[in-house]
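Based on the provided sequences and hints, a complete structural model is requested.
As a plain string of letters, each chain reads:
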Amino acid sequence: MKRDSRRNVAVIGVGLVPFDKYDDESIEEIARPAVVAALRDSGLTREQIDAAFVAHLYQGEVLGQRILRGLGFAQIPITNVENACAGGSTAVREAFYAVAHGHFETALVIGAEKMGRGLINFINADLEMTLGNTAPAQYALAAQRHMYEFGTPREAFAQIAVKSRRHAQMNPNARFRDPVTRGEVIESRAIADPLTLLECCRNGSGAAALVIASEDMVKKSGAKPIWFLGSGLASWMFDNTQQDLTSFGATRAAAKAAYDDAQIEVADVSVVELHDAFTAGELLHYEGLGLCGKGEGGRFALEGETEFGGRVPVNMSGGLLSKSHPLGATGVAQICEIVWQLRGQAEGRQVENARIGLAHSQGGTGLEAGATCVTLLGREP
Amino acid sequence: MSANGEMLWPGLGGEDNHGPYLQGGACKSCGQVVLGMRTLCPKCWTADSIVPVPVGRTGRLYTRTTIHAMPSGFDQPYAVGYVDLPEGIRVFAHLEGGDQSPAIGDTVELTFAPLRKDKQGQPGRGPRYRKANMESAP
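Protein chains in written order, with this note's numbering: chain X, 1 to 381; chain G, 1 to 138.
Just so you know, these hints were derived from the structure itself, not from any lab.
Careful, some of the hints might be misleading.
To be verified - Pairs of lysine to aspartate or glutamate, EDC-like flavour, derived with a Cα cap of 20 Å:
id: 1; chain 1: G; residue 1: Lys43; chain 2: X; residue 2: Glu303
id: 2; chain 1: G; residue 1: Lys119; chain 2: X; residue 2: Asp126
id: 3; chain 1: G; residue 1: Lys28; chain 2: G; residue 2: Glu87
id: 4; chain 1: X; residue 1: Lys256; chain 2: X; residue 2: Asp268
id: 5; chain 1: X; residue 1: Lys256; chain 2: X; residue 2: Asp4
id: 6; chain 1: G; residue 1: Lys117; chain 2: X; residue 2: Asp126
Encoded structure:
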């Protein structure tokens with residue numbers, strides 16, 4: 001979407017229910033405090049919310065209605081969104097577009113998920129899953145090919161897990177905050193070679209919510225806005241085709257669409273929240289987002305470019321690796337972190353002079369079919 | 001199918017005079033080759049144009065891993081990979097383990113083997129590639 005064909009839209013409120021187990025709470029009980037926090041942060045009342053977009057994957061019918069009926073909302077339109085693990089970011093995008101095009105003055109976005117334990121059981125097991133393929137194995141297969149083609153050292157993947165915990169130590173909302181060493185990562189339980197337990201995100205439950213508003217409503221509310229600069233959504237369909245698995249085509253396409261939409265260059269990005277479900281994914285997405293060249297992800301990870309204090313810090317929140325991964329909530333929570341960073345409210349982990357932030361999330365059934373969403377936010381519209 | 005169990009996925013493949021094969025389909029209309037049978041050609045969209053052809057007797061290993069965190073129905077870690085077939089498609093399959101386990105870039109040949117147990121503990125068969133042995137083994 002071209003910027004000159006839409007209104008300016010901002011995030012004016014964020015709310016996060018830190019990810020954890022929540023064995024005793026229902027999904028509605030988990031999610032509602034995120035909504036309350038986002039509304040209070042925005043300064044709007046519930047009567048000023050025009051619509052809601054709600055992302056989840058496994059929570060059954062009309063989750064948004066079930067959450068909001070317990071918060072006194074009236075007859076607002078509610079759209080429930082599914083795009084696997086990219087559902088949260090896709091809901092953000094749909095809300096952004098709906099306000100940008102003048103359908104609504106405000107919108108609430110909710111991402112919420114209550115997860116079980118262990119490997120994710122996809123509802124529709126495909127041939128690969130039936131034969132025993134798993135989500136971590138998909139990333140391991142991509143990592144192995146990357147190591148084969150580019151000589152990527154195994155330590156580069158481990159370093160991403162080390163970085164994640166280093167950043168998580170600075171984030172009170174992160175779930176796993178103990179530091180780890182490269183050696184500990186490599187020696188932890190094998191999952192799918194080369195990936196170990198500390199290189200795979202855990203399941204988690206939790207919720208995140210945003211209030212977004214048109215420029216007119218931003219002025220009326222008096223809230224501090226963080227502006228949408230651009231959005232990109234792309235898919236990939238692996239239909240037994242011989243494509244390059246070291247390159248997530250959907251990440252490349254979504255990033256390009258977002259940069260074009262925002263009319264910025266990747267070098268303008270100050271801080272990134274990236275879908276690090278697995279360390280291998282983060283390394284490949286560095287390349288897909290254009291943070292480094294193709295084949296250079298290993299060097300980039302090892303040289304500290306994406307660490308706190310580096311050129312472009314990635315996953316200051318600790319990412320999925322240190323926060324865990326409630327599928328529908330993840331993409332919305334990434335936006336919370338970017339908003340805190342751009343507001344200068346990321347206490348203890350603030351990236352200096354962060355002006356433009358990028359959130360990237362990805363979902364799918366292994367590599368067979370999936371969605372990637374990239375969102376760009378900035379301090380100025 | 002045999003004493004070694006049913007195929008894990010119906011119509012996955014079989015064995016003929018030339019040995020084991022995966023079930024492929026070729027479009028009579030445009031020539032596109034796909035894995036499995038389909039009612040609609042993904043390339044030219046012609047309906048009921050896919051005729052069965054055997055594929056995947058051999059291939060080249062594109063990438064591989066060993067899965068240690070196993071879903072139900074597996075007892076011990078197993079090697080898997082993507083195999084690029086000369087028919088122009090890529091398939092996910094198991095790989096022979098141990099010292100002879102194929103490496104990325106190796107030419108591989110298809111076997112069928114019991115891979116995974118169902119909920120009743122019955123073994124299900126599926127494709128497992130091994131290093132192609134040009135000199136026939138003794």
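Comparing the hints with the structure gives:
In summary, the hint linking G:Lys43 to X:Glu303 is not supported, as the alpha carbons are separated by about 44 Å, beyond the 20 Å threshold. Only pairs whose Cα atoms come within 20 Å are accepted, and G:Lys119 paired with X:Asp126 is accepted, the gap being roughly 17 Å. Simply put, G:Lys28 and G:Glu87 have alpha-carbon atoms about 15 Å apart, close enough for the 20 Å limit, and the pair holds. With a C-alpha separation of about 14 Å, the suggested pairing of X:Lys256 with X:Asp268 holds against the 20 Å cut-off.
Proximity of X:Lys256 to X:Asp4 is assessed by CA-CA distance (about 18 Å); at most 20 Å being required, the pair is judged to hold. Simply put, G:Lys117 and X:Asp126 have alpha-carbon atoms about 17 Å apart, close enough for the 20 Å limit, and the pair holds.
This entry does not satisfy hint 1, going by the numbered hints stated previously; all others are met.
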